[in-house]
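First to last, the sequence lines map onto chains C and D. When the letters of the first sequence are read in order and numbered with numbering that gives the first Met the number 0, they come out as residues 0 to 450. When the letters of the second sequence are read in order and numbered with numbering that gives the first Met the number 0, they come out as residues 0 to 88.
Keep in mind that the hints were calculated from the coordinates and are not lab data. Any given hint could turn out to be false.
Within a straight-line C-alpha distance of at most 20 Å, the following computed SDA-like cross-link-like pairs (lysine to any residue) qualify [said to hold, decoys possible]:
| no. | chain 1 | residue 1 | chain 2 | residue 2 |
| --- | --- | --- | --- | --- |
| 1 | C | K314 | C | N392 |
| 2 | C | K4 | D | K1 |
| 3 | C | K242 | D | H86 |
| 4 | C | K314 | D | R87 |
| 5 | D | K9 | C | D15 |
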Amino acid sequence: MHNVKDILETIRMIQDEHLDIRTITMGISLLDCIDEDINKACDKVYEKIVRKASNLVKVGEDIEKQYDIPIINKRISVTPIAMIAAATGKSPVKFAKALQRAADTCGVNFIGGYSALVQKGFSAGDLALIESIPEALSVTENICSSVNIGSTKAGINMDAVALMGRIVKQSAELTADRDCIGCAKLVVFCNAPEDNPFMAGAFHGVGEPDCVINVGVSGPGVVRSAIAKYPNADITEIADVIKKTAFKITRMGQLVGVEASERLGVPFGIVDLSLAPTPAVGDSVAYILEEIGLETCGTHGTTAALALLNDAVKKGGVMASSHVGGLSGAFIPVSEDAGMIAAVEQGALSLEKLEAMTAVCSVGLDMIVVPGDIEAETISAIIADEAAIGMVNSKTTAVRLIPAIGKEVGDRLEFGGLLGAGPVMNINTKSSAKMINRGGRIPAPLQSLKN
Amino acid sequence: MKAVVTVIGKDTVGILAKISTICAKHKANVMDVTQTIMQDLFAMIMLVDITELDIDFLVLSDELSAAGEKMGLSVHVMREDIFNSMHRI
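This is chain C alone, in the form it adopts within the complex (with noise of 0.2 Å):
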């Protein structure tokens, strides 16, 4: 018979702690859609994703019941667009568009892959991406882009960097009217995953078979539940807590990917097993990082805090999965954390703190929101700055930034569900515009000769 304590405890896990799996996502390889008329190519595109997805929300559902588990979203990511629009040589928005209906059709939330990697230089089809991005953010609801900037092997591609500050000022200002939601859709990354199932930055990576089940779990607040059962232990102990912890949630994940892949007749990708904070209260990663210890997040010790908690997320969700992917650690979104929302609005935490932060967890600045009269080279050195931690480190970083158009410090953006609030931080002033304006490219730094 099974342990009565481990079974309430999964109970209690799944309804008090907010135990949940974060996404289930259908990556879609589009590269058999390329067609030079881009009206056929669209149609491909919609015909093919509605094709393979078309049960992904019913299968969702489905073991969202059997297993009494909360399945929040289903998602689908595509190849980026930039490489199956290129053939047309047109504008991609009709491609958005096409997207949104697919999405519309299979009932999922995001479609993530309106995307151009352009590391190392821009190639056929990149330039017109990027240049729609903000268009394509603005007539569509549930589309999201990214852009790769850099790499560990490549450098960090600085007339990309100083385009895509100009592209993320745009996309704030055409949803303008809807606090500036265009750029919660758009993610700037260096070493972008192929795999990695959260959106905004979700594509399908083009090593990736035809069609794959990526699933991303996430469970905050079962691990800061599982640490304030020890007040009184040590460093060494909280960091086995959290394995052991990281663990389940993970065996959960790869338990619903198996069966979703399975049922929906699908290779079974990665588990991403990220602990991804949601706004609603007790599922906050700055909540577990004062759990922890620290007064609020943000103060010192926070990026030591975050270090042992990303490293020991990994190594207990390791062995739960037979393939681990994605993004994989702790995720600090400023608006999508209760805990960090408080953080930043009694002074506590910086933009500068972020910054160090990212260092140490899996995803960069997140979902941050700036005063809307930032300029767009700022933007652009903000970018550069998160893409060199990740390039010398050899790990993902990215910058989902919101100028707050017409806002500043003391104000607020509202975006709701899952996205949440972010309130306006303080930003360095002082211009960054000539090294900017110089554009070309930061050589790979001596860890990429690994050969």
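The hints should help you fit chain D onto chain C, whose structure is shown.
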């Protein structure tokens, strides 16, 4: 295939009888029952063999949940593999 039925709430007369009757009605064989009080919450856990179940799993789950609600209890019906996978290496 086995499922785990967990009933949590205030101890009430007839919980075991009510749940077992529904299971029996649909040919779900109760293999094991454990009851425990954890910090004045009553928890009853039944291991049920649903190989011969004559209705859809989700229908059984809904029926048991509804019965539990009438008695002010929360009832969870989950397939066994979640517990196998989460708590064993």
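Consistency of the hints with the structure:
1. C:K314 with C:N392: With a Cα-Cα distance of about 19 Å, the restraint between K314 (chain C) and N392 (chain C) holds, given a limit of 20 Å.
2. C:K4 with D:K1: holds, 18 Å
3. C:K242 with D:H86: holds, 13 Å
4. C:K314 with D:R87: With a Cα-Cα distance of about 16 Å, the restraint between K314 (chain C) and R87 (chain D) holds, given a limit of 20 Å.
5. D:K9 with C:D15: holds, 17 Å
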